[in-house]
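Peer 1: Protein chains in written order, with full-length UniProt numbering: chain A, 1 to 95; chain B, 1 to 253.
These aren't lab readings, by the way, just hints derived from the structure by calculation. Cβ atoms here follow ideal geometry from the backbone N, Cα and C, with glycine treated the same way. Among these hints, one or two may not hold up.
[Unchecked claim] Each pair of labels, with its calculated beta carbon distance range: (1) A/A91 <-> B/R170: 47 to 53 Å; (2) A/T63 <-> B/Q48: 17 to 23 Å; (3) B/V243 <-> A/Y52: 33 to 39 Å.
[Unchecked claim] Partner residues are not named here, just some residues of chain B that face chain A (Cβ under 10 Å, in silico): (4) K73; (5) E77; (6) R140; (7) G143; (8) V147; (9) Y148; (10) L156; (11) P221.
[To be verified] From chain A, some residues computed to sit far from chain B (all C-beta separations above 10 Å): (12) T12; (13) A20; (14) S25; (15) I32; (16) R35; (17) I47; (18) N66; (19) C67; (20) L92.
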Amino acid sequence: MTKLMEWVFVATVFFSIWTAAITGSAQSTLLIKWRTPILYLPLTLIILFGLYAVSVVLYRTFTFNNCEEAAVELQREIKEARADLRSKGLALKED
Amino acid sequence: MSGEGSTNEELKKLTKNDKYSILLPTYNERDNLPIIIWLIVKYMEKSQCAYEVIVIDDGSPDGTLEVAKELQKIYGEDKILLRPREKKLGLGTAYIHGIKHASGNFIVIMDADLSHHPKFIPKMIELQRYLDLDIVSGTRYIGDGGVYGWDFRRKLISRGANFITQLLLRPGASDLTGSFRLYKKDVLEKLIKSCVSKGYVFQMEMIIRARQFNYQIGEVPISFVDRVYGESKLGGSEIFQFVKSMLYLFATT
Ligand SMILES: Nc1nc2c(ncn2[C@@H]2O[C@H](COP(=O)(O)OP(=O)(O)O)[C@@H](O)[C@H]2O)c(=O)[nH]1
Ligand SMILES: [Mg+2]
């Protein structure tokens with residue numbers, strides 16, 4: 001099953017149950033009492049997921065490691081490399 | 001992974017029958033190539049693993065190939081192999097071209113622009129040996145991994161794209177677009193054959209196909225330092241390409 005099919009499958013199952021619940025083909029006092037929240041359930045879930053996604057992405061953006069040390073180390077190694085390569089006879093442009 | 005000395009001895013023993021072919025595709029990297037090769041030699045000699053570096057230059061107008069020839073004189077023709085091509089034919093085919101000439105049973109793929117530091121290669125080798133993995137992928141997104149020289153906007157786009165791909169594709173690896181990886185040679189050959197996309201997005205497809213084939217993937221956090229010399233050759237159509245192939249993989253795998 002492709003990833004797309006998985007999503008379609010889950011969505012179909014969800015919306016079948018949801019449709020049955022709001023159209024009243026399944027009868028129960030509980031469903032009547034909770035009709036409005038159930039009606040808005042898909043929208044609520046989408047909004048909640050959107051909030052989750054935005055906070056996760058923002059959190060990860062702010063906590064994305066800044067590799068200052070790696071950059072400093074690399075600069076040091078570049079100098080070392082250039083000096084060593086020159087001593088081995090490689091013609092290099094000025095630093 | 002404490003006690004460098006003993007680890008190196010152990011790693012040497014573990015890899016005594018192995019050879020690592022490091023593929024370096026280059027296009028206008030004359031300033032970077034000497035440094036990256038110097039760094040590879042430094043860290044590979046330290047690890048005492050058998051290795052070779054294969055430079056695949058696509059007729060760079062800046063004379064990268066001439067520099068490569070100089071380096072070959074310094075380090076020897078058994079260590080530095082030159083497998084140039086006439087003109088710029090793209091990264092995907094550069095790897096295929098390189099593998100054909102690789103004598104190792106493991107292949108390391110990395111960029112030559114100094115954003116991938118060779119010090120991580122021994123770490124990848126070690127992880128591969130301990131867990132007998134098919135692929136070890138460098139990752140910017142977990143543990144000590146990270147980036148240098150990226151502004152907020154670029155980090156946000158990167159994290160956003162990563163979140164969406166993880167959600168849609170569930171690839172089992174955290175860095176899909178990174179191209180710093182170690183592969184078993186036969187695994188890489190099989191993956192390349194099964195990939196349809198070309199260019200930059202094919203890194204992503206490789207991991208997805210690997211998941212399809214049930215290959216074992218491990219990850220090593222890497223620090224990605226944005227290129228020091230020269231410019232990135234990947235232009236603005238990058239994002240469009242990315243979305244297109246993500247949706248393609250979403251619908252077909
Ligand atoms: N042989 C070859 N190498 C290439 C080509 N395009 C890019 N490269 C090399 O591939 C690596 C990654 O390219 P880069 O422009 O840094 O991509 P970015 O890091 O994703 O922006 C570098 O080592 C480039 O020199 C190409 O068409 N042929
Ligand atoms: Mg780069």
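Peer 1: Each of the hints needs a verdict: does it hold here or not?
Peer 2: Hints and how they fare:
no., hint, verdict
1, A/A91 <-> B/R170: 47 to 53 Å, "holds (50 Å)"
2, A/T63 <-> B/Q48: 17 to 23 Å, "violated (37 Å)"
3, B/V243 <-> A/Y52: 33 to 39 Å, "violated (22 Å)"
4, K73, "holds (8 Å)"
5, E77, "violated (16 Å)"
6, R140, "holds (8 Å)"
7, G143, "holds (9 Å)"
8, V147, "holds (6 Å)"
9, Y148, "holds (4 Å)"
10, L156, "holds (5 Å)"
11, P221, "holds (9 Å)"
12, T12, "holds (16 Å)"
13, A20, "holds (28 Å)"
14, S25, "holds (32 Å)"
15, I32, "holds (35 Å)"
16, R35, "holds (31 Å)"
17, I47, "holds (16 Å)"
18, N66, "violated (6 Å)"
19, C67, "violated (4 Å)"
20, L92, "violated (7 Å)"
In this structure, the earlier hints numbered 2, 3, 5, 18, 19 and 20 are contradicted, and the remaining ones agree with it.
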